[in-house]
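Participant: Residue numbers (the working numbering), protein chains in the order written: chain P, 296 to 717; chain R, 296 to 717.
Keep in mind that the hints were calculated from the coordinates and are not lab data.
Heads up, a few of these hints could be off.
Which copy is meant is left open, because identical chains are indistinguishable; a pair holds if it fits in one copy or across any two.
[What the hints assert, rightly or not] Calculated lysine-lysine pairs in the DSS-like style (CA-CA distance at most 25 angstroms, straight line):
1. Lys396 <-> Lys384
2. Lys347 <-> Lys440
3. Lys426 <-> Lys504
4. Lys568 <-> Lys634
5. Lys634 <-> Lys708
6. Lys641 <-> Lys437
7. Lys493 <-> Lys412
8. Lys680 <-> Lys661
Each chain, written out:
There are 2 protein chains.
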Amino acid sequence: MVAASIITIGDELLIGQVIDTNSAWMATKLNEIGVWVKRRVAVGDNREDIIKTLDEESRNADIILITGGLGPTADDITKPLLAEYFGGKLVINEQALENVKAIFARLNRPMIERNFKQAEVPENCQVIQNKRGTAPGMWFEKNGKVYVSMPGVPHEMKGMMEDDVLARLPLIFKMQSIISRTLLTAGIGEAFLAEHIKDFENDLPSFIKLAYLPNYGMVRLRLTATGSNKSSVESDLDHHFRLLKKLVSEFLVTDDDLTMPVVTGRLLKQLHKTVATAESCTGGYIAHLLTSEAGASAYYSGSVVSYSNQVKQEVLHVSNDILTAHGAVSEQTVVAMAKGALQVLKTDYAIAVSGIMGPDGGTPEKPVGLVWIAVANNQLVESRKFNFRFDRRRNIELTASNALNLLRLFIIKQEQVAALAN
Amino acid sequence: MVAASIITIGDELLIGQVIDTNSAWMATKLNEIGVWVKRRVAVGDNREDIIKTLDEESRNADIILITGGLGPTADDITKPLLAEYFGGKLVINEQALENVKAIFARLNRPMIERNFKQAEVPENCQVIQNKRGTAPGMWFEKNGKVYVSMPGVPHEMKGMMEDDVLARLPLIFKMQSIISRTLLTAGIGEAFLAEHIKDFENDLPSFIKLAYLPNYGMVRLRLTATGSNKSSVESDLDHHFRLLKKLVSEFLVTDDDLTMPVVTGRLLKQLHKTVATAESCTGGYIAHLLTSEAGASAYYSGSVVSYSNQVKQEVLHVSNDILTAHGAVSEQTVVAMAKGALQVLKTDYAIAVSGIMGPDGGTPEKPVGLVWIAVANNQLVESRKFNFRFDRRRNIELTASNALNLLRLFIIKQEQVAALAN
Chain P
296 MVAASIITIG DELLIGQVID TNSAWMATKL NEIGVWVKRR VAVGDNREDI IKTLDEESRN
356 ADIILITGGL GPTADDITKP LLAEYFGGKL VINEQALENV KAIFARLNRP MIERNFKQAE
416 VPENCQVIQN KRGTAPGMWF EKNGKVYVSM PGVPHEMKGM MEDDVLARLP LIFKMQSIIS
476 RTLLTAGIGE AFLAEHIKDF ENDLPSFIKL AYLPNYGMVR LRLTATGSNK SSVESDLDHH
536 FRLLKKLVSE FLVTDDDLTM PVVTGRLLKQ LHKTVATAES CTGGYIAHLL TSEAGASAYY
596 SGSVVSYSNQ VKQEVLHVSN DILTAHGAVS EQTVVAMAKG ALQVLKTDYA IAVSGIMGPD
656 GGTPEKPVGL VWIAVANNQL VESRKFNFRF DRRRNIELTA SNALNLLRLF IIKQEQVAAL
716 AN
Chain R
296 MVAASIITIG DELLIGQVID TNSAWMATKL NEIGVWVKRR VAVGDNREDI IKTLDEESRN
356 ADIILITGGL GPTADDITKP LLAEYFGGKL VINEQALENV KAIFARLNRP MIERNFKQAE
416 VPENCQVIQN KRGTAPGMWF EKNGKVYVSM PGVPHEMKGM MEDDVLARLP LIFKMQSIIS
476 RTLLTAGIGE AFLAEHIKDF ENDLPSFIKL AYLPNYGMVR LRLTATGSNK SSVESDLDHH
536 FRLLKKLVSE FLVTDDDLTM PVVTGRLLKQ LHKTVATAES CTGGYIAHLL TSEAGASAYY
596 SGSVVSYSNQ VKQEVLHVSN DILTAHGAVS EQTVVAMAKG ALQVLKTDYA IAVSGIMGPD
656 GGTPEKPVGL VWIAVANNQL VESRKFNFRF DRRRNIELTA SNALNLLRLF IIKQEQVAAL
716 AN
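Please construct the entire structure, taking both the sequences and the accompanying hints into account.
Facilitator: In structure tokens, the structure reads:
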């Protein structure tokens with residue numbers, strides 16, 4: 296199988312100031328064209344470490360993709376090193392220079408020496424022009440291996456991969472097919488799920504692998520098949536995926552590689568229904584998730600983030616009596632918030648949440664992690680209590696994904712009721 | 296200098312389904328105790344690859360931290376492999392078993408065979424008990440090197456690091472001091488900033504390194520100093536950090552390692568002022584950023600996410616005339632939204648945003664990336680137009696960080712005006 300290593304260069308990755316999101320994206324795209332990512336290595340801006348890593352990964356992989364270390368500032372040492380490593384010197388690339396000049400002209404900014412240097416490349420590379428920034432990419436070939444160096448800025452790297460690298464690699468290497476199918480479950484733990492599908496897993500042929508990907512109280516299951524004959528790999532995979540779907544049908548959210556907000560948004564869109572959120576403890580995060588996908592305006596019209604009791608009362612019309620008698624984190628309050636959201640924002644469905652996300656603000660009766668969630672339409676309100684026990688960030692994320700799942704189940708039930716009534 | 300390698304194990308990291316956030320956190324914490332992270336390597340659930348990586352990183356580093364591969368499901372091969380690598384067999388650890396049992400009792404769930412296996416550890420390790428989950432951590436020592444294996448679940452790994460590993464490592468290795476100072480700038484590009492502080496950078500002593508960390512149109516600058524005498528390292532670093540702050544004073548947002556939402560939130564809190572947001576295109580993301588920090592209720596009371604024109608009119612009282620004459624993405628609309636937010640949510644300050652985040656919805660007059668932002672208090676409204684040119688996600692993030700920066704500058708100016716008037 297054609298194997299790749301991804302090398303990321305930059306001290307910022309080793310001092311923890313930047314989270315590497317590039318590698319995951321690159322791995323997904325490489326898998327799609329049949330390249331298996333065998334290793335990912337991050338090294339600092341250190342000459343000796345970079346050379347050693349290039350040597351090592353040349354032994355590990357056929358394709359070595361390098362990101363980072365190409366910015367205009369002085370802490371970058373990668374380009375001269377690559378020129379030397381592949382035995383050449385740095386020269387100005389005219390097309391890259393035109394590109395830098397055009398970008399500066401468009402921004403109406405003067406160019407300085409450093410900016411001109413962005414157009415320098417090792418003479419022994421094929422240049423990959425950068426349509427989204429100033430640093431060109433570089434393609435090297437040596438001893439049957441391919442090395443591609445790209446900027447670390449995510450959208451610049453992604454542009455080069457999509458415009459050039461992903462199309463050019465299959466011209467050089469004969470690829471196997473790597474195909475995956477993913478489904479999302481909710482409401483069952485990882486170990487129980489594993490027990491539930493133990494026999495299925497044991498019976499899988501060796502060219503199909505099962506992975507468990509737990510996240511925010513939900514578990515994704517992924518089947519990955521590898522082989523040289525694409526259509527036969529695909530049909531075997533689909534057969535086993537159908538078996539798996541049947542086994543987990545009770546917990547199945549989607550048989551596609553989609554997130555909970557996307558599944559919920561698509562369900563609403565397909566039914567021509569709208570949703571609003573009335574958020575206290577999640578502070579707008581559910582609204583953000585619902586609007587992260589393009590086209591959200593088809594099913595989403597707005598939200599009220601009612602962090603204070605005043606906003607709960609004045610904008611969502613939660614009565615002072617309810618807040619005084621039961622408190623902001625209570626079943627009565629989220630029910631009133633959901634009803635208020637339906638009325639004020641005029642949608643078919645509403646989600647309301649109120650809770651204590653921590654680290655402070657808990658009491659013995661209402662500890663950190665206590666959350667009330669309500670989902671409603673004009674006929675019915677359903678509410679449910681949760682007790683999360685993590686840090687603030689994770690509590691917010693768990694509240695949001697559980698609220699969306701409650702809404703999803705509520706919609707399905709309500710639409711079935713509506714269909715029966717007609 | 297004491298060097299560490301971080302190894303992450305799991306196919307999910309190589310097929311791109313999971314983004315590795317653990318390594319960045321670990322690197323930050325290791326730096327704080329004087330350990331330099333030399334390399335980070337991700338490998339799949341493959342016996343041969345894991346063993347080879349352990350061998351390699353043993354040569355690269357003194358401390359090898361391993362995460363992942365310890366879950367209860369069958370795709371995990373790490374624990375038996377570690378037992379073998381360090382020359383022993385798996386045995387049940389009684390304390391870990393008690394922990395697993397206690398967790399299942401609390402969740403009111405029956406235990407199955409797989410769950411019992413979670414309490415197995417190699418007999419030749421020191422067990423690190425897991426207070427947040429079922430999989431115990433393992434500490435090995437061999438040929439003067441330390442190896443620690445921890446679960447990949449972020450809060451479980453973080454708990455073990457903070458409760459145990461970070462305190463124990465300095466008892467074994469004599470650490471150098473690694474100290475950093477970070478500041479955040481806004482309103483100047485990376486290359487110009489580099490030109491602006493070129494002489495400063497050239498004059499830095501060899502034990503102090505400068506890093507540029509650009510993010511969402513802002514650049515963080517980080518000075519990192521290393522040495523054996525902590526107080527002299529610190530005083531030299533502080534001297535150079537003061538020089539740097541003076542050089543970039545015009546663009547300085549904060550001289551601490553803080554994000555824009557945190558800086559803005561703290562400014563509001565310190566002045567006892569409150570803010571509301573009226574968000575169209577950011578869909579609640581600014582509200583989410585403002586409420587991500589604990590204690591946000593001191594300065595944040597609520598938001599209206601007005602994705603549809605109907606919500607802009609009915610909840611924020613933007614007039615139909617304005618929307619008809621100028622459209623939802625216009626200076627007039629964001630100004631009216633900001634005024635509406637002040638009135639409806641009764642805060643001292645308001646942010647309003649409206650724009651086209653893409654990929655669809657652009658027109659020749661109003662292309663994708665066009666954003667209007669307004670900031671206001673009861674005396675004044677300021678508005679500004681932006682043209683971003685990235686993907687949806689990045690456009691949302693850029694809009695949010697620029698809106699918060701505009702608010703920050705507006706508050707500083709308004710408070711100065713108010714102080715002069717008194």
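Participant: For Lys396 vs Lys384, is the C-alpha pair at or below 25 angstroms within one copy, between two copies, both, or neither?
Facilitator: Within one copy only: 23 angstroms inside, 64 angstroms across.
Participant: Quick one: Lys347 to Lys440, C-alpha cut-off 25 angstroms, is that within a copy, between copies, both, or neither?
Facilitator: Cα proximity of Lys347 and Lys440: in one copy and across copies (16 angstroms, 21 angstroms).
Participant: Up to 25 angstroms between alpha-carbons, please classify Lys680 paired with Lys661: within, between, both or neither.
Facilitator: within (11 angstroms within a copy, 45 angstroms between copies)
Participant: Please sort Lys641 with Lys437 into within, between, both or neither, judging by C-alpha distance up to 25 angstroms.
Facilitator: neither (64 angstroms within a copy, 66 angstroms between copies)
Participant: Can you give me the call for Lys426 and Lys504, within, between, both or neither, at a CA distance of at most 25 angstroms?
Facilitator: neither (38 angstroms within a copy, 31 angstroms between copies)
Participant: How do Lys493 and Lys412 come out at 25 angstroms by Cα distance, when the copy is not named: within, between, both, or neither?
Facilitator: between (58 angstroms within a copy, 15 angstroms between copies)
Participant: Under a CA distance limit of 25 angstroms, which applies to Lys568 and Lys634: within one copy, between copies, both, or neither?
Facilitator: For Lys568 and Lys634, only the intra-copy Cα distance (17 angstroms) is at most 25 angstroms; the inter-copy one is 30 angstroms.
Participant: 25 angstroms Cα cut-off: does Lys634 pair with Lys708 within a copy, between copies, both or neither?
Facilitator: For Lys634 and Lys708, only the intra-copy Cα distance (19 angstroms) is at most 25 angstroms; the inter-copy one is 41 angstroms.
Checked against the numbered hints listed earlier, the structure breaks hints 3, 6; every other hint is satisfied.
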